[in-house]
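Novice: Protein sequence lines, in the order shown, are assigned to chains L and B.
My numbering puts the last residue of the first sequence at 314; the count rises by one with no breaks.
My numbering puts the last residue of the second sequence at 372; the count rises by one with no breaks.
Treat the hints as calculated values from the structure; they're not laboratory data.
Do not take every clue at face value.
[Said to hold, decoys possible] Facing chain B, from chain L, some residues (calculated, C-beta under 8 Å):
#: 1; residue: 121
#: 2; residue: 175
#: 3; residue: 176
#: 4; residue: 178
#: 5; residue: 187
#: 6; residue: 196
#: 7; residue: 200
C-beta: ideal position from N, C-alpha, C; glycine also.
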Amino acid sequence: MNSSVFRGKLPWVIAALVVLLCFPLFLDRFYVYLTAIILLTGLCATSLNFVLGYGGVFQFHHAVFYGVGAYGTALMIIKSGLSPWLGFIVGPVAAAIVGLVIGVICIRLSKLYFGMLQISLGSLVWAIVYRWYSFTGGDDGIHGVPLPDIISSSSGSYYFTLIVTAVSMFILYRMIKSPFGSALQGIRDNPVRSEMIGVNVRLQQLLALTIAGFFGGVAGSLFVVVDNTVFPDMMFWTLSLELIIMCLLGGWLSYLGPMVGAAVIVLLRTYVSGITGYWALVLGVIMMAVIFFLPNGVLGYLDRFVKKKAGNK
Amino acid sequence: MLGPNGAGKTTLFNLITGVLKPDSGKVVFKGEDITGLPPYQVCRRGISRSFQVVNVFPKLSVFENVQVSVLSRQKRTWNLFTPSAKLAIAETDRILGDVGLMDIRDGTSAALSHGERKVLEIAIALGGNPEFLILDEPTAGMSPEETTRCIDLIKQLKERLGITILFCEHDMEIVFSISDRIMVMVRGSTIIEGTCDDVRCCQEVQDAYLGGSDACLM
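Could you put together the complete structure from these sequences and hints?
Specialist: Laid out in structure tokens, this is it:
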């Protein structure tokens with residue numbers, strides 16, 4: 002049944018998964034941690050790209066859903082006394098609800114105006130989390146979230162992250178290739194025309210925003226598993242900017258682009274900030290280089306390169 | 155529909171299809187009042203349109219352009235999990251065959267010539283399986299050969315599929331050769347509606363188009 006969906010890509014996907022599954026066997030704990038962070042950041046960027054690259058919605062403040070997912074999970078585990086697994090459902094669902102609410106308010110506006118209003122509403126959520134000291138821990142965040150034994154070890158949390166990310170990526174991929182995804186891409190290309198062929202543009206976009214919020218929240222929950230902490234910076238707008246850069250850098254018209262972008266940015270952040278404090282400067286230079294030389298991102302460039310080669314043959 | 159630039163032809167189309175809401179008056183389709191319905195609702199009642207300025211989905215392939223329209227009519231746009239690649243293929247291909255775009259089925263629509271994009275425009279509208287099709291200057295900007303092909307296509311749609319077509323056009327020859335009834339608009343109001351013969355020698359139409367000469371149009 003999947004043959005037509007993947008068409009030749011399946012062996013590559015399986016190979017990549019097998020390599021990733023073997024990581025904890027021969028890599029240092031730190032690198033396993035780093036890979037997990039890349040995976041979940043990549044999932045977050047992919048969920049953003051679901052509405053940005055495929056839906057054409059200028060979701061400028063996507064980190065809010067990442068943060069809400071993480072806080073939802075952490076608070077549920079700490080405060081409720083119920084099964085910690087429940088936290089992994091509550092977090093993403095909370096993020097989806099916030100996504101829907103912000104979406105309902107912003108969807109009347111188009112393009113840049115949508116983005117501006119979204120930044121302000123998102124910052125409002127951030128401000129609430131930041132100020133509500135008694136509930137969220139304010140700028141201290143929450144540390145040492147107790148996790149179920151099976152996912153509390155280094156490799157346990159890695160495998161959990163890998164599996165959840167893989168499943169989420171698969172679901173998002175299916176959605177993009179479904180009629181829902183086709184309609185969404187139609188709206189991106191031409192909303193007026195989409196409405197004229199019978200698509201309820203706003204409702205379609207709202208559902209997409211809710212889905213994107215949900216998977217952003219899934220990524221946030223995974224961060225709790227990998228890092229055991231939550232802090233308000235997770236939903237600060239600078240992180241949203243980084244997520245957008247990941248999409249652009251990797252290629253926002255290719256499905257795995259944001260994942261590649263996330264890998265590049267996370268690695269750079271980890272290593273460059275060890276050498277110099279001017280990490281943002283490096284990021285800025287990279288961004289300019291991408292805009293000038295790789296307008297379609299790394300994967301967009303490779304894709305074209307491969308097609309050219311094939312064409313020459 | 156005829157009328158000089160700025161007569162309100164496209165505005166009328168926008169009113170019918172719900173892009174604009176009328177200040178007064180009613181739009182009635184098959185006995186049902188559809189005034190002020192949003193465009194997607196109007197479309198679902200069997201009215202499709204093409205646009206004067208090419209209005210396709212530039213990043214999708216030719217096939218996908220039409221497919222998304224078919225999927226939308228089949229109310230499948232809420233289907234999140236079945237691959238699109240398996241749905242509505244036969245019907246989309248039939249439409250592409252009807253309009254003669256089968257050769258470039260898998261090309262990106264951004265790479266098409268202007269004439270081909272205008273035809274694709276019609277194909278997208280046909281994806282909605284309309285009973286009533288509105289074409290806003292279908293041959294504008296086409297080369298003479300493309301125009302001939304486009305006119306043949308419109309005739310076919312009318313005769314073979316039995317679709318009612320409302321179109322506006324500046325080329326009188328085309329208008330008089332394929333229309334059953336003609337309506338002439340000048341500065342936002344209708345000055346005459348009738349058969350080709352009625353319109354041809356109507357004094358007001360002559361005033362609008364020929365500046366008061368007594369000669370008949372065409």
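Novice: Taking the hints in turn, state whether each one holds.
Specialist: Evaluated hints:
1. This hint is violated: residue 121 of chain L has a C-beta 28 Å from the nearest C-beta of chain B, more than the 8 Å allowed.
2. Annotation: residue 175 of chain L was flagged as interfacial toward chain B, and the flag holds, the nearest CB pair being 5 Å apart, inside 8 Å.
3. Nearest Cβ of chain B to the Cβ of residue 176 of chain L: about 5 Å, under the 8 Å cut. The hint holds.
4. A cut of 8 Å between beta carbons decides the hint on residue 178 of chain L: the least distance to chain B is about 5 Å, and the hint holds.
5. Hint status for residue 187 of chain L relative to chain B: holds, with the closest Cβ pair at about 4 Å, below 8 Å.
6. Taken as an interface hint, residue 196 of chain L checks out: its beta carbon lies about 4 Å from the nearest beta carbon of chain B, inside 8 Å.
7. Because the beta carbon of residue 200 of chain L sits about 5 Å from the nearest beta carbon in chain B, less than 8 Å, this interface hint is met.
Hint check: a violation occurs at hint 1 only; the rest are consistent with the structure.
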